[in-house]
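Fit chains B, C and D to the supplied structure of chain A, relying on the hints for placement.
In case you want the letters, here they are:
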Amino acid sequence: MKDIDKSFRKDTETEFPLREELRPRSVTAPDGQVIEIDPLQDYFCQEPPKVHKQSYFKIVEDFYNWARAHSLWILGFGTGCGAIEMRPLMTPRFDAYRYGIQWRPTPRQANLLVISGYLSVKTLKRAIRAYEQMPSPKYVVGLGSCTINGGMYWDSYNTIKRLDDYLPVDLYIAGCMPRPEALLAGFMDLKKLIRKGKAEGANKYAENFDWYKANQKSVIKDWDMPDYNW
Amino acid sequence: MMRDLHDHLKTRYRLGDLAERRGNLAFVDVERADLRALLVELRDVHGFTHLSLLTAVDWIEEGRFQLTYLMNNRAANRTLGLRVFLDRADPVGDTIHDLWPTAATYQRELREMFGIAFPGSPRVDEEFILEGWTDMPPYRRDFDTLAYSQQTFSDREGRETHDPRSHMAKKLYPEGQR
Amino acid sequence: MSFEWIQLAYAALTVFIVINYGLIMTAVVQKIGARVGGRYGIPVWQNYIDLVKNIALRSKISHGVMFYLGPVFRLTGGIGLLLFVPTIYGSVMHQNFAFAGDLILALYFVFFGTLGMALGAGESGHPHAAIGVSRGLAQVTAAELPLALAVFAISLQYQTLSITEIVAAQQGGIFNWTLFTNPIATLAAMFALVGTMMRAPFDVVVAPQEIPIGPPTEYHSAYLALMQTNRVLFPVAKTVIYMNLFFGGASNWAEFAVKVFAIYMVSVLVGVVHPRFRVEQSIRFFLKWGLPVGILAILVV
Amino acid sequence: MVSAIFIIAAGLGAGFLIGLLREEQKGAAFAVALAALGFMAWVSVSWFIALASGTAQAHDIITAGTQPPFAINLRMGLAEAGLLSVITLTGLASLIYMAPALHALGRRAFAVLVILVMALSGLVLTRDIFNLFVFFELIVIATGGLVLLSDDKRAVAAGFKYLVVSQIVGILLLIGIIFTYHAGGSLNIDDIAAQPMAFTGAGLALFLLLIALIVELKPFPANGWALDIYESAHPGFSALFSAASATAALYAADKLFAAAGPDWLPLATVLGLVSFLGANLLGLAQRNDRRLLGYSSIGQIGLVLVVVGQRDILGDAYLYVAGGILFTHAVAKAGLYWISGLVPGRDLADWAVLRANPVLLFAFAAFIAMLLGLPPFAGFYAKWDLAHALTGADRLPVLGLVLLGALIEAGYLFRWFGFALKRPNPVAFPGFSTTGFAVVLVALAGGWGLGFAWGAGSVHGNLLLAAPLIFALAFLLLEPLPAWAKNILAIAGLLGWVALRAPEYDPLHLVFALVMLAGGAVILLASFTAKGERLGFYPSAMVMYAGLALLIDAQTSFQFFAAWELLTIGSYFLILRGRESEPHALSYILFSLGGAFAILAGFALASGGLQPFALENLAAIAEAGLPVAPWVFVLLALGFLTKTASVGFHIWLPGAHAEAETDVSPMVSGILLKAGLFGLWILLMHMGAQRLWGVDLTYLLVWIGALSAFLGAVLAIFQEDAKRLLAYSSISQMGYALFGLALMNHLGWLLALMFVINHYVYKSMLFLAVGGVYHRTGTKLMYKMGGLITLMPFTFVSVLVGIIAMSGVPPLSGFGGRWVFYNAIMSSEMRLPVVLIFMSGPIAFLYLFRLIHTIFLGQPKDEHRKLREAPFWLLVPQMIFVAFLIGFAVLPGMVLRKVDAYIGGHFGDEALAWSGRTITSQFGYWNPVAIMLVIGAIFVIVLALLLMMNRNAQKVKQFNIVFSAERPFKPQTTHFAWNFFAPYRKALGFLEAPHVTRFWGGITDSLHATADFTRRIYTGNGQTYAAQVLVFVVAVYLVVLGGVS
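Taken in sequence, the protein lines are chains A, B, C and D.
Once you know that position 76 of the first sequence is 76 in UniProt numbering, the rest is easy, because the numbers rise by one and skip nothing.
Once you know that position 145 of the second sequence is 145 in UniProt numbering, the rest is easy, because the numbers rise by one and skip nothing.
Once you know that position 54 of the third sequence is 54 in UniProt numbering, the rest is easy, because the numbers rise by one and skip nothing.
Once you know that position 514 of the fourth sequence is 514 in UniProt numbering, the rest is easy, because the numbers rise by one and skip nothing.
Just chain A, with the same shape it has in the complex (with noise of 0.2 Å):
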């Protein structure tokens, strides 16, 4: 890249101030005992995840993943232009509930996680969030070119350009956008890796939890929550 100002030199100096809210406090308890409060510590649970063992016999973990790729329920959680695509395939068109696939307002009940599109670093974190919050095994699916490389928004000071750099994708669908059949293709290529037992980002993501954060705080500079969501 030539036309680059090798001059300009991004500030790594500045800290972003604890916000104001997770600031460690001291409150009078109605006794008149004064006591302290950190948030982070006192309103989270500090466990990092922990790397589950399939199960003991390999024909129940096979059964499991059998299930496990027969039902697909993704979080509704559209963060780009892509959630555009993901509509048509609850219409009698596509009809996605045919392949067990359905969508679940919470992340506590989802297993999948679609990033449809660009990745801003503000929706990145609500993304970790929801992501975290996801019992394993979970999978991460990248929509579009933009959660490939970055891709309209190469340039852009916002928007991420790698989205395995912060989560463990199991699957990209390129395109910009992908078309509905393109998604649907994508799912069935995830269900195959479900069945054979190489969607274990879960796993993954708490093997390299270290480098996974250390990215993620590399780019979020305001990192106002626990390490990891539970």
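With a cut-off of at most 16 Å between alpha-carbon atoms, the simulated EDC-like pairs for lysine to aspartate or glutamate come out as follows:
1) D:K970 - A:D42
2) D:K957 - A:D38
3) A:K122 - B:E127
4) A:K50 - A:D227
5) D:K970 - A:E21
6) A:K213 - A:D165
7) D:K866 - A:E36
8) D:K970 - A:E20
9) A:K221 - B:D135
10) A:K53 - A:E200
11) D:K970 - A:D224
12) D:K866 - A:D31
13) D:K898 - D:D506
14) D:K957 - D:D862
15) D:K955 - A:D42
16) A:K10 - B:D135
17) B:K10 - B:D29
18) A:K122 - B:E131
19) D:K955 - A:E47
20) A:K122 - D:E966
21) D:K957 - A:D227
22) A:K213 - A:D227
23) D:K986 - C:E280
24) A:K221 - B:E127
25) A:K6 - B:D142
26) D:K970 - A:D38
27) D:K866 - A:D38
28) A:K122 - A:D224
29) D:K866 - A:D42
30) D:K422 - D:E661
31) A:K217 - A:D165
32) A:K217 - B:E131
33) C:K60 - A:E47
34) D:K957 - A:E47
35) D:K957 - A:D42
36) A:K221 - B:E131
37) A:K217 - A:E15
38) A:K213 - A:E47
39) C:K31 - A:D95
To be clear, the hints were calculated from the coordinates, so they are not data collected in a lab.
Quantities reported herein were computed from a predicted structural model and do not represent experimental measurements.
Relative to the frame of chain A, chains B, C and D by itself:
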């Protein structure tokens, strides 16, 4: 029409020349000191009741910011843009949130993206769109977004960048004819 | 009516049959809905897969003891309701534990699961859960009213509170059913059926677009599996009561399957053609339409 | 025996002797006055004792050696002796009390005081109307002198006005005397009575005599001058003026009324009633303590005048009734004036300084109780007998107006007491003078003594000899002990009493005794939490329990009513202890007294004036089908419904229960409400269903019960205050019980009984639990709490069990109640009210869930993160209740079987069959053991399954929730608690409109407005007052003439 208005106002305000873009769209430079009085008169006397937008331009070469107040007279379907210039080294604008409450939102955006201060505007120093931003305001032209992006986000190998013009020409006319 | 140990096995069998029936029936109902909408719809065994998937999830969280017990209360409420009511009329095997109590027990035990679930959802600390519970409880006060009145009417009609005796009184031809001998009470009860099945237009409790998805927002994995089990079991158990009280009961599993399906479809049919009510709208609806019918039912008996 | 003439002689002699002393010999003057008054008091008291014990006979004293009418004669009888004792003792006490003030005024003041007492005594003793006039003039001069001697400018003005009016009275009296002499030729009172005066003008003569004496009694509205005296004179003198002068004047009037014959009695009745009602109404508007006491005095004298008007029907009881009211009033009013002298400020709220001295506070309370005729004071017996005499003679309007006046009086007196106990103390405490304090104590002792004497003279037996009341009053003496010691004694006393009495009770009474007394002991366990001495708690609580114990024991209507009043007073003082409870305690006592008066009227009506009236006799009235029966039913039911806080009378309950202390709330809710049910039970058991104008009254009760159940529940769901929520829930639960009772069938009664037991258990438990939370968090507002489940697990368990039981969900005991309820309504013909009950069932879920959710579930707040579990002693009773609830759920037969059989005996049927563990009714069946086992087994299996699948669940913290991919900001904004049932409010919020509160508020407001308006006739101008007196006399004359001709 716009010219009549311009002539009418010129007698009392220090106005620049009228730059007409269309019959019903024109811009004019005004002094910062006159701005408020002019806005009030335009709103209350001349029917420019609607503040369509308030935005800024970074004239880095001239060392100044330009604020554009785009006012619309719905009844007459006319739009007048007032341009005010601020010193880039110490950019401080005058808040007009008391004239149009929506202006507070514009001013908050300008504060965040250009670093132009509007003392007295409600919540002007709070985060607006960016979250946890610590670098220089990103709409200033000395902020190099590409460099920032490269220093912040990692590239994926194998990505190719084409100049759209030459790329499409090559694709459409592989033999090179025009 | 006394207890023998073999009844435990019989009861387990009832529960097993009803759970499987419910899993398939709800899927079939969904499929019918899909077909009406021009879609292919889910496979009929999809409920089983989802159940297994949820049980197979690896990471789970708990918000506390009550959160943990919520689904247990819920499913206990469902199974208990099923087992306190004789499922098949005349069958020794499927009398269940009806000797423990009569119709009143069944009516009040309906709330057992609701209460436990509400407590569990409450401990999750999620505001949407509390909002959902608030809505659900508010709605049920009006929705259950016509049923209570209808039950009062038919127990006056048959002069008994024993479900078995009420079913017995309806034997011997379709025109002995309460549906025909006391149509007003039946109509009142149908208001309550539609109102408490958690289907549109009375599903503001879970309103996914608004308070995703109400009380169970924080529930997942095996908790959700228990609740899914209850979700298929409970409507059937409840429909069994309606069937016994108003539609002559069932003397074999085939009759059971048909009748339960038909009664359940009432709420489905109403649901698919009506948009959702807000809470105060549904309360007003039941007070304006359900309550007078119920009062009429107890006055004319 | 010293002749009574020496009373006069001693007074006169002392007066002259003091006159001979030198000005500076004030000490000697005081000594002489003291000696004279002491001697007079000694003579009076010794006569009183002799006459009362029968060792002496009433006798006439002939003066000047000639028989009347040619000479003046005096009479010393029992009444005279009693009155003289009161007058001279008050005089003596006031002399001691006023000694410093009199010293400042000089020796003449002592002389005037002695002369005043002498003249008052003479007024009582004399039997000659001209002599009457002489003493009367002496009194006027002495009074005027004493008032004028005061250095208060207003007192001088007041004294002058008094003299002006007194001269008018004197002239009237004199003209009357002249006419009378002209008519009868004798000035002797006995001659007037003996000779019917048959010619024209005799009526006018008697009228003038009577009206003069009545005006001297300061009747409303011709009494502005008297109030100015009460307000501005020295309180020691006001005490004398109120207690002695009024008493003496009243007796003088009584003598003449006796002489004038029964035709003139209505005059006394009407003027007395007007005075009693008018003065009490104006009392409502007073802010100055002495003026208020003045109004009260006028009212009380009016009441005695009413009694005077009833002497034709009271017969032998006349002295007992009139004396009971008059003496109690004299003692109490003197006591209050003396206290008023100790209080520096003149505003009612300034009496808050009394809090510095618990004895004075107690005296204050006792004096108020005496004035209002509450047990165990003399006025109570008198009022009871008066009410019975009035109904016996069919003078019901009089009774109604007397009770109304008494209620208004209770309103301002108890409001005042509330101020004293609750208002901030505005003035620095100056320290009470020891003499003043001692004098007040003497009055206090006198009041109790009178109570004892009247009790001894009562045909119903002496309340002060009832063991429970003695036990309760003993706690007054035990006050210095630490709270825990008193608590042990109290618990032992309650349990001991139950153990002692239990064998004699039938199952129904036994259940009530167990709930109220043994239950009370369990709740008292929670009182071990209290530190220090806890002054006032134990006497109040134990008086309430004594009332409850006596209530259960009551055989006659008198015992029942006395017990009822006792428990009302005790509970009032208990409720008043709460932090913010002042207005609520007031509304409680007013509703309760109103109810009590209805009960009094009901019993009086039932008895037809014949005493004693056994409660069983209610059945006889019902069976005889007397036209009075439905009215008895209505009055008694009204009284009991105020106690159960049925809808319409419920507005006192939420505040009273919610603002009471932690361990008081369960007492007043779990226990006290049952007293109303007990009363209703007695009523329905004996009287059965009554019809009035073709309406079955039990049907009306069913509706009231259903409405209470419904509205109580609806109001409960909109409360933000946890204790208020529980209080409204009590209204609802009592509605259920009332509904059951009024169904008038076997199962309905069983239902009511189950509610008696269950409501006691779970409401006590919940109040204690919420109280424990309040103890720790310092707030009752539910939305300020949240997430306390892990911090207060035991409390959570008790609330959980409590709400499951209350909502009626199997397997806990509330379900039994619901099952019985269904069976009961099946055998009843009433259908429509059932709809309301059906609806209130699910609504109960709403408020119960809110209670447990907003306090224990959801998000804990910052300041509550380190809360500790509730105090141990609050948990102990809760855990006992939890165990009982579960036990009662599994084995309801252990309590219900016997009661079932007993009720069966009443109705002559057998509604339930108890075979093995199954309970079978005509319609259905219920096997609690099986239910518990089945549910338990399923629960365990499902839980085991879940534990197997989710054994490794990660325990997370409060903000680990999915928040639409955001993070919660603060617990306060994340906990959904405030206005929890907003949609319900949208749909049914109109039910929340405070119609009842507005209704009662409108009544009190209009009373106050009337009082404020009427007050304007007192302009403070002497001429106006004189004119008022004349107008009054003329007006009365015209009315009387109209009545005669």
